[in-house]
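Asker: Please put together the full structure from these sequences, using the hints given.
These protein sequence lines map, in sequence, to chains U and L. Under our numbering, residue 443 is the last one in the first sequence; the count climbs by one each step, no gaps. Under our numbering, residue 858 is the last one in the second sequence; the count climbs by one each step, no gaps.
There could be a bad hint or two in this list.
[Claimed, not checked] Straight-line distance between alpha carbons at most 30 Å, and here's what the computed DSBU-like set of lysine-lysine pairs gives:
{"no.": "1", "chain 1": "U", "residue 1": "K15", "chain 2": "L", "residue 2": "K563"}
{"no.": "2", "chain 1": "U", "residue 1": "K436", "chain 2": "L", "residue 2": "K569"}
{"no.": "3", "chain 1": "U", "residue 1": "K363", "chain 2": "U", "residue 2": "K269"}
{"no.": "4", "chain 1": "L", "residue 1": "K712", "chain 2": "L", "residue 2": "K605"}
[To be verified] Pair by pair, the computed Cβ-Cβ distance ranges are:
{"no.": "5", "chain 1": "U", "residue 1": "T439", "chain 2": "L", "residue 2": "K672", "range": "48 to 58 Å"}
{"no.": "6", "chain 1": "L", "residue 1": "A633", "chain 2": "U", "residue 2": "A248", "range": "50 to 60 Å"}
{"no.": "7", "chain 1": "U", "residue 1": "S54", "chain 2": "L", "residue 2": "E596", "range": "12 to 22 Å"}
{"no.": "8", "chain 1": "L", "residue 1": "E508", "chain 2": "U", "residue 2": "R231", "range": "28 to 38 Å"}
{"no.": "9", "chain 1": "L", "residue 1": "E710", "chain 2": "U", "residue 2": "L125", "range": "53 to 63 Å"}
{"no.": "10", "chain 1": "U", "residue 1": "T22", "chain 2": "L", "residue 2": "L780", "range": "38 to 48 Å"}
{"no.": "11", "chain 1": "U", "residue 1": "P222", "chain 2": "L", "residue 2": "S458", "range": "42 to 52 Å"}
[What the hints assert, rightly or not] Derived coverage of chain U by chain L (criterion: at least 3 residues anywhere in the stretch with Cβ under 8 Å from a Cβ of chain L; other residues may be distant):
{"no.": "12", "segment": "27-34"}
{"no.": "13", "segment": "41-54"}
{"no.": "14", "segment": "268-278"}
{"no.": "15", "segment": "281-294"}
{"no.": "16", "segment": "413-427"}
Hint data in this document are derived by calculation from the structure and do not stem from the laboratory. Quick caveat, the model's predicted, so the values are computed rather than measured. Here a beta-carbon is modelled for each residue, glycine too, at the ideal position from N, C-alpha and C.
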Amino acid sequence: MKTVSYVRTEMLPQKEPPASTTGAVGWMRENLFSGWFNTALTIVSLGFIVLVLSAVLPWAISPTWSATSLGECREILAALGREGHYGGACWGVISDRWEQLLFGFYPNGAVEGTSDLRWRPVLALVLLAVALAPVLFADKVSSKVLWFSAVFPFIFPWLLWGGTIWAPLAALAGFVIGWLVYRAVSAAAGSLAALIAGVVAALVWWLVLSGLVTGVLDQILPIGLEPVRSRDFGGFMLSITIGVVAIACSLPLGIVLALGRQSDLLIVKALCVGFIEFIRGVPLITLLFVASTLLNIFMPPDTNFDIILRVIIMATLFAAAYMAEVIRGGLAALPKGQYEGADSLGLNYWQAQRLIIMPQALKISIPGIVSTFIGMFKDTTLVSVIGLLDPLGLSNSIRADAAWNGVVWELYGFIALMFFVVCFSMSRYSMYLERKLHTGHKR
Amino acid sequence: MTTLTDPPRQAFRLSQLIYDTRYRSMTIQVVAMIAFLTLIGWLVSNTAQNLATLGKEPSFGFLSEPAGYDINQRLIEYTNQDSHLRAAFVGLINTLLVAVMGCITATVLGVVIGVLRLSKNWIVAKLMTVYVETFRNVPVLLWIVLTMAVVTESTPHPREFKGVETGAIVVTNRGTYLPEPLFSRGLGDAHLFGNSSLRFDVSLDLLAVLVVLFGGLWASHVVKRRADKVQEATGKRPTTWYLRLGLVLVPLIALLVALGFHLGYPELKGFNFQGGTHLRNSLIALWLALSLYTAAFIAEIVRAGILAISHGQTEAAAALGLRPGRIMNLVVLPQALRVIIPPLISNWLNLTKNSSLAIAVGYMDITGTLMGITLNQTGRELETLLLGMLIYLTISLTISAVMNWYNNRVKLVER
Numbered sequence: 001m002k003t004v005s006y007v008r009t010e011m012l013p014q015k016e017p018p019a020s021t022t023g024a025v026g027w028m029r030e031n032l033f034s035g036w037f038n039t040a041l042t043i044v045s046l047g048f049i050v051l052v053l054s055a056v057l058p059w060a061i062s063p064t065w066s067a068t069s070l071g072e073c074r075e076i077l078a079a080l081g082r083e084g085h086y087g088g089a090c091w092g093v094i095s096d097r098w099e100q101l102l103f104g105f106y107p108n109g110a111v112e113g114t115s116d117l118r119w120r121p122v123l124a125l126v127l128l129a130v131a132l133a134p135v136l137f138a139d140k141v142s143s144k145v146l147w148f149s150a151v152f153p154f155i156f157p158w159l160l161w162g163g164t165i166w167a168p169l170a171a172l173a174g175f176v177i178g179w180l181v182y183r184a185v186s187a188a189a190g191s192l193a194a195l196i197a198g199v200v201a202a203l204v205w206w207l208v209l210s211g212l213v214t215g216v217l218d219q220i221l222p223i224g225l226e227p228v229r230s231r232d233f234g235g236f237m238l239s240i241t242i243g244v245v246a247i248a249c250s251l252p253l254g255i256v257l258a259l260g261r262q263s264d265l266l267i268v269k270a271l272c273v274g275f276i277e278f279i280r281g282v283p284l285i286t287l288l289f290v291a292s293t294l295l296n297i298f299m300p301p302d303t304n305f306d307i308i309l310r311v312i313i314m315a316t317l318f319a320a321a322y323m324a325e326v327i328r329g330g331l332a333a334l335p336k337g338q339y340e341g342a343d344s345l346g347l348n349y350w351q352a353q354r355l356i357i358m359p360q361a362l363k364i365s366i367p368g369i370v371s372t373f374i375g376m377f378k379d380t381t382l383v384s385v386i387g388l389l390d391p392l393g394l395s396n397s398i399r400a401d402a403a404w405n406g407v408v409w410e411l412y413g414f415i416a417l418m419f420f421v422v423c424f425s426m427s428r429y430s431m432y433l434e435r436k437l438h439t440g441h442k443r
Numbered sequence: 444m445t446t447l448t449d450p451p452r453q454a455f456r457l458s459q460l461i462y463d464t465r466y467r468s469m470t471i472q473v474v475a476m477i478a479f480l481t482l483i484g485w486l487v488s489n490t491a492q493n494l495a496t497l498g499k500e501p502s503f504g505f506l507s508e509p510a511g512y513d514i515n516q517r518l519i520e521y522t523n524q525d526s527h528l529r530a531a532f533v534g535l536i537n538t539l540l541v542a543v544m545g546c547i548t549a550t551v552l553g554v555v556i557g558v559l560r561l562s563k564n565w566i567v568a569k570l571m572t573v574y575v576e577t578f579r580n581v582p583v584l585l586w587i588v589l590t591m592a593v594v595t596e597s598t599p600h601p602r603e604f605k606g607v608e609t610g611a612i613v614v615t616n617r618g619t620y621l622p623e624p625l626f627s628r629g630l631g632d633a634h635l636f637g638n639s640s641l642r643f644d645v646s647l648d649l650l651a652v653l654v655v656l657f658g659g660l661w662a663s664h665v666v667k668r669r670a671d672k673v674q675e676a677t678g679k680r681p682t683t684w685y686l687r688l689g690l691v692l693v694p695l696i697a698l699l700v701a702l703g704f705h706l707g708y709p710e711l712k713g714f715n716f717q718g719g720t721h722l723r724n725s726l727i728a729l730w731l732a733l734s735l736y737t738a739a740f741i742a743e744i745v746r747a748g749i750l751a752i753s754h755g756q757t758e759a760a761a762a763l764g765l766r767p768g769r770i771m772n773l774v775v776l777p778q779a780l781r782v783i784i785p786p787l788i789s790n791w792l793n794l795t796k797n798s799s800l801a802i803a804v805g806y807m808d809i810t811g812t813l814m815g816i817t818l819n820q821t822g823r824e825l826e827t828l829l830l831g832m833l834i835y836l837t838i839s840l841t842i843s844a845v846m847n848w849y850n851n852r853v854k855l856v857e858r
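Answerer: Set out below in structure tokens:
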């Protein structure tokens, strides 16, 4: 009997993979040079990057932060031997005017007899962050902060525009009065009658009584902030004000419009479809023209309302129409079984919407909602066309100054960077939210 | 024995209007209608009152008055003695011009960038991501004014071309000059709409060229369909490329020779260039900015569309032995198009609406003429804005009607 001469009893240790497939070299072979076409693409891209950087970097790195005029910039650069039109960037314009780009002509105490009020927009922005925190990061921030979020819409305009403290308090009181009336009547006469009574009471308060009460209280106890005129608003403060208010108001309005468009009620549906298609069919700039020239003609004679408010109204309507379409997409994407399930549980229309339909529909439409928000914030630059001083409008008036006549790239670059930071963070947040709300099975 | 009796009939009570679901929807609709009509009535009465105070009677008579302003970039003839309506028409054509040019370039760029963003080449994919994020997160108005600054500041003044041999294309800070197609034995123009404000001329040469070109394309398509049939029947594909190429090119070249086609080159005369097709900087800046901006959005749509095709399709195609390029052309893209087209068209719509920002760089589109200078000169805010909005609305609704028609055509037929 023959015996097997040699049988290996233990495995050999695994060999290292070939050096050309691991590490940086392997990665480059795999991802950058895996064929002649890929290699060509890589070389062209590298060439492009080098070209752009070699054009921009020497220009951007220029020690002109302290210059106070374009001429001074040129002198600094000439001393370094960098002559010519594109010798270097003139960053002095940013360090000289960044406050104006952020706050516009908001009182900064430069004029005799006025005080520096710019702490108010700053505080408003900080409080905005606080008010948004429980909404944006619901799992990390205590929900008690939501009380502050509810009050914030009344603080925000008061901080920015100033005036007596009784005006925002009176506006807030309207809601309290309406709610109290609702509570009182609903015990006696059913919820529908109570709702109507509550709304009527609040409207009576706002339209008739609140003005009188505010006036009297202001006489007795004049507490308030120094008022600021709308035409002093400008810069990113203006963009953020218009953007935040339009975004906040357009979401509920958009939901209502989307529900109206999906409804069985023929007239309601026709009105919603007409509104949405009209707004989506015309450019925002024409709506802003309407705000600046026509809106006063539509209102009763002698009403004179603020240009920023008019722009905000138009921007809100504009964003709401787009929002309605986004949410309608979310509603349409829900399986019919969800609606039928809600019906079979005996929920009525509003209960079904609140508990079953909307949470899912809104979750599906998060990417669309956020991109509408981003679009709205970017569109606030259009107000420069009707003469408001947003960052782009300000960049024109800065160039009109003799000291900075001819500065283009530095200003546009700075404005673009600010918009990029805000919009990019919004889009990253929407991705985070999508991941967090993704409760289905991950593959 | 039981007898069937009708349930007791209740008399109609007013409260049923609210509490009975059979009647409630009627109540809501009537209330909504009344509220809407009240709102409209209120707005109209306010407007009438305000206009009466201002002493303005709403009328469109101003449209036939002479406009009195010049429009430098235009496709149809116009002088400042023409009417406001004519100026608005020139503006409308300018809007359509930049919109069509922008849609074409944005789509081409967007598709290329969207596909490249999915490339396996790391550096190309990252470069395209940077492009998309940069353009999507900065306002389009900023891109427009920035591009305007680029084209005016970085291009040479015409006088720098003095004594220099200029090529076919001249780029100056007053605009770009392209060679102009000329016909020495041309057929002339057809004058449409006689002497009215909407009159315009159609070049018969261009018309003839287009007819011959599309005829050739159609003939080549017929040849291709026959080749497909032969391939399906016999498994062998006849070689047809020279026939198809000839069908398109030979009649076209014959026609161009017959018409005496030649190019007119721009020449420096005095302080400026003469001849050639002159594209002003405002048009170029607007066109470039809108194309680059919209291309970023289209790239994302194309990428999403390609990613939406399940991996199994690609793998099955690879199992059939198709090469990567053919997998993309024959399997992935035809299916992805169904996902891509609707948002693509809505982006074309956005581009058309964004072209109204032309006013920021002084390109005279419908916003710049009708809702800009005409409004300021005549003071007719209500009429000009209404008319302008109506025009934009018509363009938008037409494009969405086309979109719905296409959607219905390519929709997957399900059970």
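Asker: Check each numbered hint against the structure and report the violated ones by number, ascending.
Answerer: none
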